[in-house]
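Peer 1: Letter by letter, the chains look like this.
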Amino acid sequence: MPGGGRCPDCGSTELVEDSHYSQSQLVCSDCGCVVTEGVLTTTFSDEGNLREVTYSRSTGENEQVSRSEQRGLRRVRDLCRVLQLPPTFEDTAVAYYQKAYRHSGIRAARLQKKEVLVGCCVLITCRQRNWPLTMGTICTLLYADLDVFSGTYMQLVKLLGLDVPSLCLAELVKTYCSSFKLFQASPSVPAKYVEDKEKMLSRTLQLVELADETWLVTGRHPLPVITAAAFLAWQSLQPSYRLSCSLARFCKSANVDLPHPASSRLQELLAVLLRMAKQLAWLQVLKLDKRSVVKHIGDLLQHRHTLVRAAFQDGMGKRPRICPTPTVSTVTGDENISDSEIEQYLRTPQEIRDFQRAQAAGQAATSVPNPP
Amino acid sequence: MDQNNSLPPYAQGLASPQGAMTPGIPIFSPMMPYGTGLTPQPIQNTSSLSILEEQQRQQQQQQQQQQQQQQQQQQQQQQQQQATAQQATSQQATQVASGQASQLFHSQTLTTAPLPGATPLYPSPLTPMTPITPATPASESSGIVPQLQNIVSTVNLGCKLDLKTIALRARNAEYNPKRFAAVIMRIREPRTTALIFSSGKMVCTGAKSEEQSRLAARKYARVVQKLGFPAKFLDFKIQNMVGSCDVKFPIRLEGLVLTHQQFSSYEPELFPGLIYRMIKPRIVLLIFVSGKVVLTGAKVRAEIYEAFENIYPILKGFRKTT
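Residue numbers (our numbering), protein chains in the order written: chain A, 1 to 372; chain B, 1 to 322.
The set of hints was computed from the structure by calculation and includes no laboratory data.
Predicted, not measured: the structure shown is a model, and the values here were computed from it.
Just so you know, not all the hints are guaranteed correct.
Think about it this way: if two alpha-carbon atoms lie no more than 30 Å apart in a straight line, the pair counts; the simulated DSSO-like pairs of lysine-lysine are [claimed, not checked]:
id, chain 1, residue 1, chain 2, residue 2
1, A, Lys113, A, Lys181
2, B, Lys237, B, Lys208
3, B, Lys226, B, Lys237
4, A, Lys278, A, Lys252
5, B, Lys299, A, Lys158
6, A, Lys174, A, Lys287
7, B, Lys232, B, Lys280
8, A, Lys158, B, Lys292
9, B, Lys201, B, Lys164
10, A, Lys158, B, Lys164
11, B, Lys178, A, Lys113
12, B, Lys316, B, Lys237
13, B, Lys299, B, Lys208
14, A, Lys158, B, Lys316
15, A, Lys290, A, Lys181
Covered by chain A, according to a simulated footprint, are these stretches of chain B (three or more residues, beta-carbon under 8 Å) [claimed, not checked]:
id, region
16, 170-183
17, 205-212
18, 253-265
19, 306-315
Note that CB positions come from ideal geometry on N, CA and C, so glycine has one too.
Sequences and hints are given; from them, build the entire structure.
Peer 2: See below:
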């Protein structure tokens, strides 16, 4: 029986502690009036610790899909549809996006990054299924910077611990060459420029394989190599009419962008072909140059395995290397530092005054009020 | 005894393989001792062959030598039989026997002794005929030493600094607070750059060795002292070391990323090199198709050397085979 309590109704001091459904109550034993009610919690100290919690720190985030995430998932599906990917790709890409969104670093990232993340998820899905999608294509579609894309992509691969295979070169050749508008006559494509798709595709593939074997592909962006190879393949199929066509003109007719490194890749590929031609007796006498070798690309490709082995057995393009002798410095780090050496780095008082005057003049000039 | 040509018998075995050699193979310096790797100097030859391939070539050439000698022996035997056909049979027997014995003797001297007067066309003429291959070629060190290119270090000058004063009174300082909240100071010897913050902390970059970095940091501290601040030289620490070297053969990066996928990242659309994150020691290597390797992330020099010795056998596995 607690002391000091009076029932407000009847004034009795007979107050009994009773619990009603685990809620403790103070009840007057005379009239049955409930004086005080307990709280539906365990202890008083617990209640004292209760505070308002922000949404980001509650579990509410995990229980519903935020609007930002919903937007992102919608963008992933849209991108898959724009690229006309098979339907299974969509689900995988969505799953990657959701997985990435579980990480706080991604959730708190800027919208620009979240936008680029959409592209990264689609790219990873395509790479894992050998679908030849280049980063350049995605960046163009998303209006994104390649630098931002690359940073987000590397971060995502590390975060999710993924093993992303390299771009499949053969598939890229097929897709890229099929996009060339050279297989039907049109106002921009004269009759002599029209080519059979299968022939051009097979020859381009062989030239790209040759480039890969002779070290023209490793470390370089794959697309310019394929452009150069496609150009040579196309030229060699009807050299008499097409030798006069330049690489730029070819890309324009085919309605394809000319990537900048393609011209250097073209020169390198021609140099390789010339080296191979030197191994064939009946071509050696012809004294071929970079233009005339195009006519014989068919022959060279037919025997490419033996020719490459013969032409490059003693090493590839060895340049006399000047090995720089390592300069051995005898610095210990504890030498004396002379005062004169340090003083050369300090301004004289006159210089300081001049500098301050110049600074003041400069500031005055920039803050001159506009003349009325 | 009459021979086919005017060359003495011990040199005859040499002459023919020369024709079999494809011209243009660079000459390996005969002074390079077998199995080197202990001399800390880059290989001074201009060829792109590694030591292992040299050994293989030596073995092939010695095998060619052997074959040539056998052919020579057969030819000489036939000659002798023709020459002695007209002589008495008893003399024939002894002569043939002695001829064969002398040939065997010659062939033995060919194989084991160094060849006087013969130009050093073959690498390391001291190599024995039965090649003693090293127990595990992989355990040989590469003989290439990475060169340090950059050292980043930090030091605490131990007092608050007024950057405006420093920028005003020092010739070699630039200070643009809107762009970066530190003074950028440069000295000529050792050629380095320092970032000096108002808290008194300083970052020194550009030195080529640990000692140079320490000397440069001391010089910067001295400059700040002379500008009127009570600068000290506390907690000097090397934070990062960058080294580079050349393995001198091209590397198939696509192959390397396939087999060492958990450490490598190779995206030719983004960067021409392969980024290899080694676990032990914790170093990041940038490997390029030309064979140049950049190593970074080391706190001590030994980590760079260790990382390179770890990667070299892996890279040798991916050099071209054509």
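Peer 1: If a hint holds in the structure, say so; if it does not, say that too.
Peer 2: Cross-check of the supplied hints:
1. A hinted pair counts as satisfied when its Cα atoms are at most 30 Å apart, and Lys113 of chain A with Lys181 of chain A does not qualify at roughly 35 Å.
2. Straight-line distance between C-alpha atoms of Lys237 of chain B and Lys208 of chain B comes to about 15 Å, which keeps the hinted pair within the 30 Å bound.
3. For the proposed pair Lys226 of chain B and Lys237 of chain B, the alpha carbon gap of about 23 Å is at most 30 Å, so the pair holds.
4. Between the alpha carbons of Lys278 of chain A and Lys252 of chain A the distance comes to roughly 33 Å, so the proposed pair goes past 30 Å and is violated.
5. Between Lys299 of chain B and Lys158 of chain A the CA atoms are separated by roughly 24 Å; this keeps the pair inside 30 Å, and the hint holds.
6. For the given pair, Lys174 of chain A sits about 34 Å from Lys287 of chain A by alpha-carbon distance, which is inconsistent with the 30 Å threshold.
7. In summary, the hint linking Lys232 of chain B to Lys280 of chain B is not supported, as the alpha carbons are separated by about 36 Å, beyond the 30 Å threshold.
8. About 25 Å separates the Cα atoms of Lys158 of chain A and Lys292 of chain B, which keeps this hinted pair within 30 Å; it holds.
9. Proposed proximity of Lys201 of chain B and Lys164 of chain B is supported: the alpha carbons are some 16 Å apart, at most 30 Å.
10. Between the alpha carbons of Lys158 of chain A and Lys164 of chain B the distance comes to roughly 43 Å, so the proposed pair goes past 30 Å and is violated.
11. Simply put, Lys178 of chain B and Lys113 of chain A have alpha-carbon atoms about 26 Å apart, close enough for the 30 Å limit, and the pair holds.
12. At roughly 35 Å between alpha-carbon atoms, Lys316 of chain B and Lys237 of chain B are farther apart than 30 Å, so this suggested pair is violated.
13. Among the hinted pairs, Lys299 of chain B with Lys208 of chain B is consistent with the structure: their alpha-carbon atoms are about 14 Å apart, no more than 30 Å.
14. Pair hint Lys158 of chain A plus Lys316 of chain B holds up; C-alpha atoms about 28 Å apart against a cutoff of 30 Å.
15. Between Lys290 of chain A and Lys181 of chain A the CA atoms are separated by roughly 26 Å; this keeps the pair inside 30 Å, and the hint holds.
16. For the region 170-183 of chain B, the assignment as covered by chain A holds, since 3 residues bring a beta-carbon within under 8 Å of that chain's beta-carbons and 3 suffice.
17. Here the region 205-212 of chain B counts 5 residues with a CB under 8 Å from a CB of chain A, which clears the bar of 3, and the coverage holds.
18. Under the rule that three or more residues need a Cβ within less than 8 Å of chain A, the assignment of the region 253-265 of chain B holds, with 6 such residues.
19. Counting residues of the region 306-315 of chain B whose beta-carbon sits less than 8 Å from any beta-carbon of chain A gives 0, not enough to reach three: the coverage restraint is violated.
Hint compliance for this structure: hints 1, 4, 6, 7, 10, 12 and 19 are broken, all remaining hints hold.
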